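Peer 1: Based on the provided sequences and hints, a complete structural model is requested.
Going down the list, the protein sequences come from chains A and B.
Just so we're aligned, residue 1 is where the first sequence starts under the UniProt record's numbering, counting upward by one.
Just so we're aligned, residue 1 is where the second sequence starts under the UniProt record's numbering, counting upward by one.
One or more of the hints may lead you astray.
Remember, identical chains collapse to one label, so a pair may be satisfied in a single copy or spanning two.
[Unchecked claim] With a Cα cut of at most 25 Å, we get these calculated SDA-like pairs of lysine to any residue:
hint	residue 1	residue 2
1	Lys-316	Val-368
2	Lys-233	Ser-78
3	Lys-97	Asn-218
4	Lys-335	Arg-33
5	Lys-35	Glu-159
6	Lys-6	Ser-26
7	Lys-115	Gln-330
8	Lys-6	Ser-38
9	Lys-35	Gly-334
10	Lys-35	Gln-329
Worth flagging that the hints you see were computed from the coordinates, not collected in a lab.
All values reported here derive from a predicted model rather than from experimental measurement.
Number of protein chains: 2
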Amino acid sequence: MVFQDKFQLRIPGPTPIPPSVQQAMSRPMIGHRSKECSAIIRQCSEDLGHIFGTNQTSLILSSSGTSALEAAVINVLSPGDEALVVTTGVFGERFAKIVDRYQMTCHRLEVEWGKACDPEQLIQALRQHPTVKAVFFTYCETSTGVLNPIHTLAQTVHEHSDALVIVDGVSCIGAVPCQMDDWGIDILVTGSQKAFMLPPGLAMVAVSEQAWKRIANNPSPRFYLDLLSYREKMEQETTPFTPAVSLLFGLQEVLHLLAEEGMEAVIRRHQLLKEMTRAGIRALGLELMTSDEDASPTVTSILGGGDEWSSEALRKELSAIGVIVAGGQQHLKGKIFRIGHMGYCDPLDICTILSSLEVSLHKIGRPVSLGQGVQAAQEVWIHA
Amino acid sequence: MVFQDKFQLRIPGPTPIPPSVQQAMSRPMIGHRSKECSAIIRQCSEDLGHIFGTNQTSLILSSSGTSALEAAVINVLSPGDEALVVTTGVFGERFAKIVDRYQMTCHRLEVEWGKACDPEQLIQALRQHPTVKAVFFTYCETSTGVLNPIHTLAQTVHEHSDALVIVDGVSCIGAVPCQMDDWGIDILVTGSQKAFMLPPGLAMVAVSEQAWKRIANNPSPRFYLDLLSYREKMEQETTPFTPAVSLLFGLQEVLHLLAEEGMEAVIRRHQLLKEMTRAGIRALGLELMTSDEDASPTVTSILGGGDEWSSEALRKELSAIGVIVAGGQQHLKGKIFRIGHMGYCDPLDICTILSSLEVSLHKIGRPVSLGQGVQAAQEVWIHA
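Peer 2: Okay, here's the thing in structure tokens:
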């Protein structure tokens with residue numbers, strides 16, 4: 001079928017793979033202990049440091065993002081330790097689940113889904129739980145499209161507590177500002193299949209001096225997710241266990257592409273994609289789930305029509321014309337849909353998505369002025 | 001450089017990727033919760049069952065083989081539980097390290113490196129440690145090229161104990177016989193980058209009814225490596241965490257290729273590759289590390305020349321003409337070299353390797369009758 005592989009993958013990860021990255025991943029396999037592989041690992045680690053904004057060594061795990069969330073938890077905490085987990089959606093909840101599972105004491109600061117964490121809420125929670133050893137945040141909460149103000153939140157933690165600041169940056173690092181060292185992030189975790197434009201299968205982690213001290217003194221058992229072994233092996237430009245070599249080939253090319261565009265330009269591009277998407281959605285009379293201020297540059301959540309129309313019916317029409325967007329998760333299932341616009345995505349792609357949305361709204365019988373969403377996005381674009 | 005990517009990767013994993021598998025992995029990215037991805041996961045799981053020889057559900061983890069060794073340990077055992085680990089080399093030792101790390105009581109049955117475990121040794125060890133809850137084996141010990149007689153060993157365990165039989169099949173499953181259910185294997189673990197002809201990054205696991213009972217009652221914490229969550233999600237044709245989608249594309253194609261050739265033919269092919277390699281090595285006057293009986297069909301270990309010549313010098317010459325073989329690990333470093341002949345490897349590849357070996361032996365100044373190793377291998381081939 002001619003058009004079988006012609007579709008726009010606009011979910012908030014996995015995201016489309018650029019051709020040169022695809023090509024890099026198709027290089028002939030090499031030994032993972034070869035000099036060539038070591039050179040790639042070293043280069044990737046160095047380049048990741050620039051994106052993370054850290055002088056610490058960036059580590060690469062061959063597994064998906066959740067494994068690195070778990071690594072953060074079990075490397076810094078022991079059973080019985082207290083943790084504060086700020087939950088703004090599904091992925092904040094995942095941190096809390098891991099903390100619970102390992103019999104640590106989990107205090108949840110539950111923020112209403114669709115809103116970012118307010119520093120005042122955080123101060124209250126820190127006062128209520130003065131002995132927490134770590135505070136867990138989600139930088140971009142993929143399930144709602146919220147970007148938490150990590151810079152401010154990290155500073156707030158350090159002003160009011162001795163706790164470590166652990167940040168899940170899976171669905172935004174590589175698309176948004178990040179100054180890990182300056183902001184006081186103690187562990188930063190991200191994954192390959194979002195703004196890094198790779199297939200899933202790699203997780204990237206960096207750890208502050210302060211957190212390394214805690215980790216070195218933490219006797220809790222861990223093996224595949226023991227960050228100390230990754231640090232030790234990275235000094236020898238390798239990994240403790242066989243890495244996902246083809247994804248490393250791709251990561252090297254991705255980091256080259258990001259450096260070529262320049263991180264400031266990459267960040268500006270994602271900001272523009274966000275603004276174009278939001279302008280287009282508004283022009284179509286649809287309701288955004290998050291405020292402009294709280295919204296992430298990587299994913300936009302849009303409310304379904306309640307009793308009037310279903311976001312699932314809309315997604316089905318979109319899919320029929322080759323545009324894949326995400327639905328809502330858990331209690332948001334059927335109530336919202338989400339457009340991913342990170343990584344290999346440019347302003348014209350937003351026009352394409354909005355165009356498909358207009359046609360699909362029409363198909364499910366919604367009143368829609370064709371072209372109006374596209375026009376609003378174009379206005380943002382040409383004035384950027 | 002024209003010949004930069006023209007090399008023969010003949011280490012015991014990662015192994016070369018067949019072109020159609022490479023192509024499958026280059027398909028456009030899809031959502032991991034899509035129907036299409038579910039269909040791939042279901043198909044892969046079913047096909048893996050045939051190769052494992054099990055009616056149990058085969059599970060797919062996105063991480064390297066070691067993570068699945070760890071999963072086997074931490075899912076069936078709790079701290080304080082006794083385990084018997086049969087170590088025949090580096091990877092048996094890895095099992096023992098994991099057991100130690102999690103504060104289980106690890107009894108080691110240390111078999112001389114280069115030899116397979118003798119059932120009589122095993123019976124003695126089981127008598128000495130009658131309360132072990134699990135016995136850990138390495139089917140193919142990659143570091144020495146030994147294939148342990150897993151069928152006999154598993155039966156021996158069940159005759160003399162109630163312990164579960166856990167098998168690391170990373171460097172041989174997909175190339176050697178395996179009847180998990182009939183042989184009484186309780187957990188079988190393998191990886192993508194060996195006989196499965198894929199890049200590293202996937203681990204495949206199957207679990208017996210008996211082991212599932214133990215796992216369900218094991219309160220020890222685990223999250224990314226919690227096999228129960230993989231079983232639960234596999235019932236819904238998905239995975240608990242984002243899987244390495246591009247590797248799943250590849251796995252589907254690999255399983256198709258293996259089914260097309262037929263597992264009996266695949267197993268015969270690897271047996272032939274082993275016999276050709278050994279005949280060639282002997283004809284060149286080199287010494288094999290393992291007996292014919294103990295040797296694996298997937299990897300052959302050859303002794304270096306002691307004081308007379310160095311296997312590292314030989315490897316360097318081989319590499320210069322585009323043939324990559326592995327050295328020895330740990331105390332075998334510099335003392336042996338290892339030829340991987342599994343997965344995407346046919347009889348002609350063995351002639352190529354032997355040919356390169358003859359030229360390289362000549363280059364390091366060893367007396368060698370050019371063509372003699374190749375000839376011996378050809379004799380085996382034409383009479384097969």
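Peer 1: Which constraints among the numbered hints does this structure fail? Numbers only, ascending.
Peer 2: 5
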